[in-house]
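Listed below, chain by chain, are the residues.
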Amino acid sequence: MKLFQYLLRIDRKIIFVAMAVLVMFPLLRPLGLGVSSGPRARALFEAVDAIPAGKTLLISVDFDPSSMPELYPMLVALMRHAFAKNVKVLLCGLWVTGAGLADEAVTTVPPEFGKKYGEDVVYLGWKAGVDAVILGMGESIRNVFPTDYYGHSLDSLPMMAEVQKLRDIPLVVAISAGDPGYRDWLLYAQSRYGMRVGAGVTAVSAADVYPYLQSGQLTGLLAGMKGGAEYEVMVQKAGYSKAYMPAVAAMDSQSLAHVVIMVLVVIGNVAFFATRKRREA
Amino acid sequence: MHVSHSVLTWVAAALTLGIFSFLWKDNPFYKFCEHLFVGVSVGYTISLTWYNSVYPDLVTPLFRQGQLLYAIPFVLGLCYFCRFIPKVSWLVRFPMAFVLGWASGVAIPAFFQTNIIKQIQGTLLTPGIFSRWDVFLWALISFIGVICSVFYFFFSREHKGALKLASETGIIFLMVGFGASFGYTVMARMSLLIGRMQFLLRDWLGVIR
Numbered sequence: 003m004k005l006f007q008y009l010l011r012i013d014r015k016i017i018f019v020a021m022a023v024l025v026m027f028p029l030l031r032p033l034g035l036g037v038s039s040g041p042r043a044r045a046l047f048e049a050v051d052a053i054p055a056g057k058t059l060l061i062s063v064d065f066d067p068s069s070m071p072e073l074y075p076m077l078v079a080l081m082r083h084a085f086a087k088n089v090k091v092l093l094c095g096l097w098v099t100g101a102g103l104a105d106e107a108v109t110t111v112p113p114e115f116g117k118k119y120g121e122d123v124v125y126l127g128w129k130a131g132v133d134a135v136i137l138g139m140g141e142s143i144r145n146v147f148p149t150d151y152y153g154h155s156l157d158s159l160p161m162m163a164e165v166q167k168l169r170d171i172p173l174v175v176a177i178s179a180g181d182p183g184y185r186d187w188l189l190y191a192q193s194r195y196g197m198r199v200g201a202g203v204t205a206v207s208a209a210d211v212y213p214y215l216q217s218g219q220l221t222g223l224l225a226g227m228k229g230g231a232e233y234e235v236m237v238q239k240a241g242y243s244k245a246y247m248p249a250v251a252a253m254d255s256q257s258l259a260h261v262v263i264m265v266l267v268v269i270g271n272v273a274f275f276a277t278r279k280r281r282e283a
Numbered sequence: 472m473h474v475s476h477s478v479l480t481w482v483a484a485a486l487t488l489g490i491f492s493f494l495w496k497d498n499p500f501y502k503f504c505e506h507l508f509v510g511v512s513v514g515y516t517i518s519l520t521w522y523n524s525v526y527p528d529l530v531t532p533l534f535r536q537g538q539l540l541y542a543i544p545f546v547l548g549l550c551y552f553c554r555f556i557p558k559v560s561w562l563v564r565f566p567m568a569f570v571l572g573w574a575s576g577v578a579i580p581a582f583f584q585t586n587i588i589k590q591i592q593g594t595l596l597t598p599g600i601f602s603r604w605d606v607f608l609w610a611l612i613s614f615i616g617v618i619c620s621v622f623y624f625f626f627s628r629e630h631k632g633a634l635k636l637a638s639e640t641g642i643i644f645l646m647v648g649f650g651a652s653f654g655y656t657v658m659a660r661m662s663l664l665i666g667r668m669q670f671l672l673r674d675w676l677g678v679i680r
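Just so you know, the sequences run in chain order P and S. If you read the first sequence in the numbering used here, its first letter stands for residue 3, the second for the next number, and so on. If you read the second sequence in the numbering used here, its first letter stands for residue 472, the second for the next number, and so on.
None of these hints come from the bench; they were simulated from the model. Honestly, I wouldn't trust all of these hints.
[Stated by the list, open to error] In the SDA-like style, the derived pairs of lysine to any residue whose C-alpha atoms are separated by at most 20 Å in a straight line are: (1) S/631 <-> S/609; (2) S/496 <-> P/21; (3) S/589 <-> P/218; (4) S/589 <-> P/266; (5) P/167 <-> S/577; (6) S/589 <-> S/614; (7) P/57 <-> P/144; (8) P/87 <-> P/112; (9) P/15 <-> S/491; (10) P/244 <-> P/12; (11) P/57 <-> P/12; (12) S/496 <-> P/195; (13) P/15 <-> S/660; (14) P/167 <-> P/146; (15) P/15 <-> S/492; (16) P/15 <-> S/498; (17) P/15 <-> S/499; (18) S/589 <-> P/216; (19) S/635 <-> S/615; (20) P/118 <-> P/146; (21) S/589 <-> P/119; (22) P/15 <-> S/507; (23) S/589 <-> P/212; (24) S/496 <-> P/13; (25) S/589 <-> P/66; (26) S/635 <-> S/660; (27) S/496 <-> P/11; (28) P/4 <-> P/198; (29) P/57 <-> P/39; (30) S/589 <-> P/215; (31) S/496 <-> P/12; (32) P/57 <-> P/119; (33) S/496 <-> P/14; (34) P/15 <-> P/264; (35) S/589 <-> P/195; (36) P/15 <-> S/495; (37) S/496 <-> P/16; (38) P/244 <-> P/15; (39) P/15 <-> S/614.
Work out the full structure: start from the sequences and follow the hints.
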């Protein structure tokens, strides 16, 4: 009984330190637990894989630095997959604080595949007014974004000659950390213009996305860091890239942390029920 | 071990440790980092909003190209600031009425189509679900789950008999849903911690690849 009482009084700082150590350990010495790809991530991978070479994949960067560890690996893996298949990538963003993250990806990923800005990749940037932006892009991308993020006129970018409006794009993947995000692409791009929409979301919002997946509104889903790791593995297995996989590297820590949390939840419950009678007395 | 030589990485590492210091207890170092984060976020947002939206989409066409039609959104936008002047604060109703009316008109049909029609279609048992046994099983579970969960929120009759059975089954489905949400939330928080650890160990200290 004393043991249970002691367990219920453990200082939270001890749990924090234990968690930090357990998260750091697999980063320093990987356990190699491996990542298997689920059907939802595979559906998105196959949808991107099916885009004909020369066509365009639209990626909406709807997240900010606070959700970067989960979502940035998805963005990079998607871009690597597209470039390896000679699919062009058009990026835009619905989150103002995410503009710099898309810029970083546009700067670092295309050179790995010898792709040039303006010919193989264009970053439109961010505009205020989510619904007006998406609906406007459905009519004419140039009307909403006369210039790209860097101030180039869209007419001066060769890639944009074939991309006039959303219907010219076979697939959009919204990588979103909340609202605005994938829901807005479903509301306006999918229901109005019939676009195929895939999503990459933070784990917090993953449970809310499943209904859209089962109704066939979403083409595929990457959920949290696990989703990013699944996509990285599929890209690597298909031979499209040999680059470092940050989400895969983090999954050992993730698994270990989950085991610890489960153990703590069980111990907490057992200790609570074991000491309940004494407390009631 | 290849410690970073970049000043910005050192600043980011110091700010990360500052935010983590709250786990020990509230302290001035944490408060400084928190206020800096909020300030930088707001400054960044204002700057990008000006250069990406207000300047190219309003200032340039109205004041540099003389397109007078843009005076309407300009005046409506100014009306928002009337909120700070009590005598003319009522003028704020015009832009709000416009935004609410326009947004409702645009959003309601799309919302209805996406979140109601399609979701009902997704819940219905259609001939397509008989293509595979696992598809049929999950479709049936989803159907029962949705119906029973809706019954749980049916409050105009006492929950007894068949209604009690349905609503209690609904509770099980709701609990499974909340459990999945909680599990995913834990994963999200851990992911953020791991992301920061990767930054500290790789970008700052250079002890991992």
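> Tell me, which hint numbers fail for this structure?
Replying inline: Of the numbered hints, 1, 4, 10, 11, 12, 20, 21, 22, 25, 26, 28, 29, 38 and 39 do not hold.
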